[in-house]
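Participant: Here is how the chains run, residue by residue.
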Amino acid sequence: MVGGGLKRKHSDLEEEEEDEKWGWGPAGLRSYQQALLRISLDKVQQSLGPRAPSLRRHVLIHNTLQQLQAALCLAPAPAVPPEPLFLGEEDFSLSTTIGSILRELETSMDETETPQNPVAPPSPQNEVLPQPDPVFLEALSSRYLGDSGLDDFFLDIDTSTVEKEPALAPAEPPHNLFCAPGSWEWNELDHIMEIILGS
Amino acid sequence: MEEDIDTRKINNSFLRDHSYATEADIISTVEFNHTGELLATGDKGGRVVIFQREQESKNQVHRRGEYNVYSTFQSHEPEFDYLKSLEIEEKINKIRWLPQQNAAYFLLSTNDKTVKLWKVSERDKRPEGYNLKDEEGRLRDPATITTLRVPVLRPMDLMVEATPRRVFANAHTYHINSISVNSDYETYMSADDLRINLWNFEITNQSFNIVDIKPANMEELTEVITAAEFHPHHCNTFVYSSSKGTIRLCDMRASALCDRHTKFFEEPEDPSNRSFFSEIISSISDVKFSHSGRYIMTRDYLTVKVWDLNMESRPIETYQVHDYLRSKLCSLYENDCIFDKFECVWNGSDSVIMTGSYNNFFRMFDRNTKRDVTLEASRENSKPRAILKPRKVCVGGKRRKDEISVDSLDFSKKILHTAWHPSENIIAVAATNNLYIFQDKVN
Numbered sequence: 286m287v288g289g290g291l292k293r294k295h296s297d298l299e300e301e302e303e304d305e306k307w308g309w310g311p312a313g314l315r316s317y318q319q320a321l322l323r324i325s326l327d328k329v330q331q332s333l334g335p336r337a338p339s340l341r342r343h344v345l346i347h348n349t350l351q352q353l354q355a356a357l358c359l360a361p362a363p364a365v366p367p368e369p370l371f372l373g374e375e376d377f378s379l380s381t382t383i384g385s386i387l388r389e390l391e392t393s394m395d396e397t398e399t400p401q402n403p404v405a406p407p408s409p410q411n412e413v414l415p416q417p418d419p420v421f422l423e424a425l426s427s428r429y430l431g432d433s434g435l436d437d438f439f440l441d442i443d444t445s446t447v448e449k450e451p452a453l454a455p456a457e458p459p460h461n462l463f464c465a466p467g468s469w470e471w472n473e474l475d476h477i478m479e480i481i482l483g484s
Numbered sequence: 235m236e237e238d239i240d241t242r243k244i245n246n247s248f249l250r251d252h253s254y255a256t257e258a259d260i261i262s263t264v265e266f267n268h269t270g271e272l273l274a275t276g277d278k279g280g281r282v283v284i285f286q287r288e289q290e291s292k293n294q295v296h297r298r299g300e301y302n303v304y305s306t307f308q309s310h311e312p313e314f315d316y317l318k319s320l321e322i323e324e325k326i327n328k329i330r331w332l333p334q335q336n337a338a339y340f341l342l343s344t345n346d347k348t349v350k351l352w353k354v355s356e357r358d359k360r361p362e363g364y365n366l367k368d369e370e371g372r373l374r375d376p377a378t379i380t381t382l383r384v385p386v387l388r389p390m391d392l393m394v395e396a397t398p399r400r401v402f403a404n405a406h407t408y409h410i411n412s413i414s415v416n417s418d419y420e421t422y423m424s425a426d427d428l429r430i431n432l433w434n435f436e437i438t439n440q441s442f443n444i445v446d447i448k449p450a451n452m453e454e455l456t457e458v459i460t461a462a463e464f465h466p467h468h469c470n471t472f473v474y475s476s477s478k479g480t481i482r483l484c485d486m487r488a489s490a491l492c493d494r495h496t497k498f499f500e501e502p503e504d505p506s507n508r509s510f511f512s513e514i515i516s517s518i519s520d521v522k523f524s525h526s527g528r529y530i531m532t533r534d535y536l537t538v539k540v541w542d543l544n545m546e547s548r549p550i551e552t553y554q555v556h557d558y559l560r561s562k563l564c565s566l567y568e569n570d571c572i573f574d575k576f577e578c579v580w581n582g583s584d585s586v587i588m589t590g591s592y593n594n595f596f597r598m599f600d601r602n603t604k605r606d607v608t609l610e611a612s613r614e615n616s617k618p619r620a621i622l623k624p625r626k627v628c629v630g631g632k633r634r635k636d637e638i639s640v641d642s643l644d645f646s647k648k649i650l651h652t653a654w655h656p657s658e659n660i661i662a663v664a665a666t667n668n669l670y671i672f673q674d675k676v677n
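Residue numbers (our numbering), protein chains in the order written: chain A, 286 to 484; chain B, 235 to 677.
Just so you know, these hints were derived from the structure itself, not from any lab.
C-beta: ideal position from N, C-alpha, C; glycine also.
Treat each hint with caution, since some may be false.
To be verified - What the simulated footprint calls covered on chain B by chain A, stretch by stretch (three residues with Cβ under 8 Å from a Cβ of chain A suffice, anywhere in the stretch; the number is not a length):
1. 259–272
2. 453–463
3. 561–575
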């Protein structure tokens, strides 16, 4: 899985810096994380259907979202910093969304005192359940994430990596690069946050 | 390992010539009973089909011990929870047999919410010669009865009936993933995502909660129960696995609520393999005690591990099921395959373990010789009674003629459920809506 960078042979691994060997520039990394973020949020939306959602799947996706959130927040301030407020605000917004999703899940799955009689008074249903912020979700699903970057990213998934030796470390981005300096994608993400916070 | 093939399709016969399959026919669980005489399957449509092994006859040596349909019944129906506005699937998640104590067979079957105890019994005699009823069952006019007779039992065509004897309902808020019969044969447990309940077979209106990992604040939830099983010999001991790759062994003598484990099994994480998907692929999808009770086997997304109960720090054996998927985890996350729950099984002597994979492949690992084999359950590639040919996935470089490349794997064909006869080398493999039964080659 190489995001638009150069492919290197195994023998080159020890000689070069990790970030250059995989061709994972800040742009590729950012695309990768955003793609994962979008995929994860899509999954959360899909699972809120007529069937009771799988709690296991939900928890695993939620934990992955938290890791992504942590990775995104750990990135140092971008070269042209917008208001520093955004760093914390983004954190708040993502947590709120994840939190509201789990709260909604709890309300829908929660037991009642007498579960035997399913025709109990439907008062819990009348409450307004917290919904995931639709603007936030839609923004992340929109073109702001740069579909072209995602296409390149997914094109390379299948064939390039399997031609490598099995002993290679998996073709995922090295973890110390999660904190790469900001790029135009970072600014785009800020732009999205601006819209959400403004609404 | 050379094997015969004996294929059974459990669809209605009129579907045999069609290539489509309804979703309701997807097999969701497979289980041999304690003697191996019976094999039960459950499907997504809530049906249970039981196969019985034919008695071996000297006349037909080549037809030794084939499995034929013995009984079919609807175990669970779809339900709707009006309070929560949620559908409850009728899919059978697990079937577990009780040991046979009389002529009848008993099994537990469960969907997401309700466990049922079924009695499967044969009727091959019918009473005839009633005094008050005639042969068609109509009441006779008492005035016409002048003599009394004793009804006699006369043979009739064999009829197999399945009747629900107990229904254990309303005890699980979350989805039941496991049931396990205790070695005392009086109790069993049912486990959902957050809780495990202990039942007595005779009592349906109450159960004991023995494990509860639900946090006070659901937003703090980070781990769920994925599987649970009783020890095969010690009726006070059970294990349960989690979505974080841990196994806890609990002793019910220690306290009523077994929230504190007796043993905690976890392998330290390999930092060089760390990724966003590390936790998801460490989630344990199945846990099984060995027949001896000395070991437990766990299945996570890429491996099968064998643990010694006396060593909690790491497994004693790790087997790679399909490590070539490690570089594809992002795609598998996107298409949801990374959440597939594969089961694993021991053979009767605990020397071989088996688990499924994609492309209708399944894998066997010999713990003694350390040899492993990949086989395929597919009618296109195997004729009945043919020897199964080992398969190989090509992970890089030049693909040999019989190998299949990783990119050609069909991820919609997954073998999640398999079973191994308790004493013989007969295995049952569920491939979507088809059931394959393989036996050792007859010499």
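Participant: Compare the structure with the hints numbered earlier in the document and write down the numbers of the violated ones, lowest to highest.
Facilitator: 1
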